[in-house]
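Below, each chain spelled out in residue letters.
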Amino acid sequence: MKHLSPFLLLVLFGCGGEQSALSPLGVEAGEIGLLFAVVTGICIAVLVLVTVLTLVAAGPSGRLRDALRRERAILIGGLIFPAVVLTGFLVYGLVVLQAGSARAARSDGLEIAITGKQWWWRVFYTDAEGRRIESANELRLPVGQRVTLLLASDDVIHSFWVPRFGGKLDMIPGRTLRLTLEAKEPGIGRGQCAEYCGGAHAFMSFYAIAMPQAEFDAWLAAEAKPALEPDDEAAQRGKAVFGSSGCGACHAVRGTEAAGKIGPDLTHVGGRMSLATATLPNDAASFARWIRDSQHIKPENLMPPFGQLNDVELADLARYLEALQ
Amino acid sequence: MLAGPLALLLVGVIVAVGGFYNVAASDRHWPVVTWAIEFGVQRAVSTHSLGVEDPPDLGDRDRQALGARHFELQCVSCHGSPAAPPMELARHMLPVPPDLATKGQRWSDEELFWIVQHGLKFTAMPAWSTQERGDEVWSMVAFLRRLPSLDAEAYRTLSGSGEGGSCARCHGAENTGPVSRFIPMLHGQSEAYLVRALQEYRDGKRMSGMMQPEAHGLSDPDIVRLAGFYAGLRLPATTVRASEQSAGEKIATAGIPEQNVPACLACHGGSTGYPILAGQPAPYLESQLALWRRGVRGNTAHGAIMAAIGSRLTAKQARAVAQYFESVQP
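Protein chains in written order, with my numbering: chain A, 42 to 366; chain B, 546 to 875.
Hints are computed from structural coordinates only; laboratory data are not their basis. C-beta: ideal position from N, C-alpha, C; glycine also. Treat the hints with care, since some could be wrong.
EDC-like cross-link-like pairs, simulated, lysine to aspartate or glutamate; straight-line CA separation at most 20 angstroms [said to hold, decoys possible]:
1) 266/A - 352/A
2) 861/B - 602/B
3) 750/B - 677/B
4) 795/B - 298/A
5) 750/B - 736/B
6) 225/A - 72/A
7) 302/A - 677/B
8) 302/A - 794/B
9) 225/A - 152/A
Residues on chain A that point at chain B, a partial pick, calculated with CB under 8 angstroms [stated by the list, open to error]:
10) 73
11) 285
12) 301
13) 303
14) 348
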């Protein structure tokens with residue numbers, strides 16, 4: 042028995058965390074969590090009941106055992122009780138589901154369009170003036186506001202899932218599906234693509250960050266601005282390397298000539314929590330590693346490896362990208 | 546009962562160890578051995594060439610010109626040409642390198658391809674420097690098919706024999722461009738790229754049975770000098786071919802977002818270390834894009850970049866974009 046405690050500890054640690062549906066941050070995740078708790082609780086109770094009744098039935102005779110043998114016991118315990126409980130579950134579950142789609146109709150207006158690509162996320166925010174602001178690989182939400190996510194896909198079926206905020210919804214090519222999320226409090230949830238979409242599917246993650254409304258508005262205003270000019274020499278050299286290596290062919294940095302639409306928007310890449318869809322931390326070393334060696338970090342991803350850059354060029358380029366806050 | 550085979554074995558051992566069979570090249574084989582070897586080679590080549598792909602257009606003049614130039618540089622010393630006999634030593638080889646205008650014609654196109662690509666054991670016929678460039682081998686076959694119809698004068702014109710300078714013979718120099726549309730235009734090309742290309746050919750990192758022998762033994766200062774020479778040349782006046790510009794132009798300027806292909810000009814526009822594509826002949830660009838599609842050019846740092854992108858273009862798109870670049874003045 043004393044050897045059980047390490048396993049219990051493991052279970053405890055496995056239950057929480059930034060990607061756990063058992064630590065809800067959002068209203069939807071909370072409702073799903075409640076549904077989970079209620080159903081699990083009732084199912085445990087039923088299991089205990091059935092076990093006890095089995096033991097009674099297998100045990101020595103008594104009044105209870107005799108009562109169990111009668112037809113009435115089968116009728117109540119085997120037909121009426123399950124029908125009532127399961128119908129209750131069904132109605133409860135449907136209410137939770139319905140609540141989602143009814144909620145979508147009452148959303149507060151902030152719409153964020155997310156397009157699943159192999160193997161990253163293209164994100165479009167719409168600000169108060171109706172301008173579309175492109176970002177990638179991270180989701181920011183204001184607390185207390187019902188946000189509608191418009192989910193689509195350019196290539197194959199992906200699935201959007203941030204366990205701390207809500208359930209999964211597939212991203213299907215040719216359709217735009219609406220998911221409503223509302224964050225209850227500030228915090229960070231980690232999301233994951235939940236539908237196999239090819240080789241690097243397991244690496245297709247992102248961070249979803251809920252921020253107080255005022256902070257969110259300030260962040261969105263900053264995100265709408267074009268890229269910051271590099272202020273130190275290394276970053277300026279890095280900007281030249283960016284231009285002469287053809288990075289702008291695939292990546293856009295608003296405010297410069299780089300206007301590629303094939304890869305993630307890099308205008309404010311330095312301000313994100315992670316790189317390479319939450320597989321790398323956001324620091325200069327990770328930029329350099331990714332640029333030179335992306336195929337070893339996320340095999341089959343669509344960015345070519347740029348092994349021709351020497352260490353100095355890579356460091357300068359990383360400094361430039363890091364400074365794109 | 547065992548005496549027979551044992552005796553045979555003993556005789557065999559004595560003959561082998563004793564070295565009685567004359568392996569001198571100065572002395573012919575026994576007629577039966579000659580017949581056996583020729584028969585065996587014919588059958589082996591016929592069988593092994595069954596897997597050879599269908600030939601491209603062997604009547605294409607550009608293909609024949611490319612084959613002719615390489616023939617003059619590398620093959621004439623053993624096989625001779627309509628304009629010159631082979632070197633004296635070739636007459637003393639066994640087997641004697643055949644006269645390709647006559648005896649060479651008994652092979653089929655696929656068999657010729659196989660022999661040129663793989664060479665022949667126990668002869669002085671070498672294999673092609675790389676097994677990855679079937680396109681180059683086909684240009685040799687195209688020339689070999691044209692050879693019987695060439696007299697000395699026609700041969701000299703086609704092959705450039707007598708013209709000096711092994712680079713200029715194919716790539717042109719101050720006043721002329723490349724002699725075939727399968728040969729890239731070096732005039733005004735990025736010097737960094739030319740240096741890199743020659744080094745990669747010399748070091749065996751870039752595959753070409755035509756360029757590898759030429760680059761072999763070049764020192765780094767030689768390479769820098771040659772690259773500087775061509776980078777500084779202005780393009781000769783060439784006829785610009787109007788072609789289906791619309792599809793290729795679209796790919797070159799806007800890419801193909803649905804196929805994750807960026808715009809070619811975003812990297813190849815001339816302000817980077819990547820080679821300039823404008824003005825390059827379309828068959829050359831097409832053949833290089835075919836190499837990217839087959840994964841043949843992906844083993845250098847620069848090659849790995851294009852290997853990812855080039856493999857996303859279909860053959861039809863490659864042709865369109867190649868024709869666009871040929872029609873553009875750099």
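Failing hints, ascending? Violated hints: 1, 7, 10; rest satisfied.
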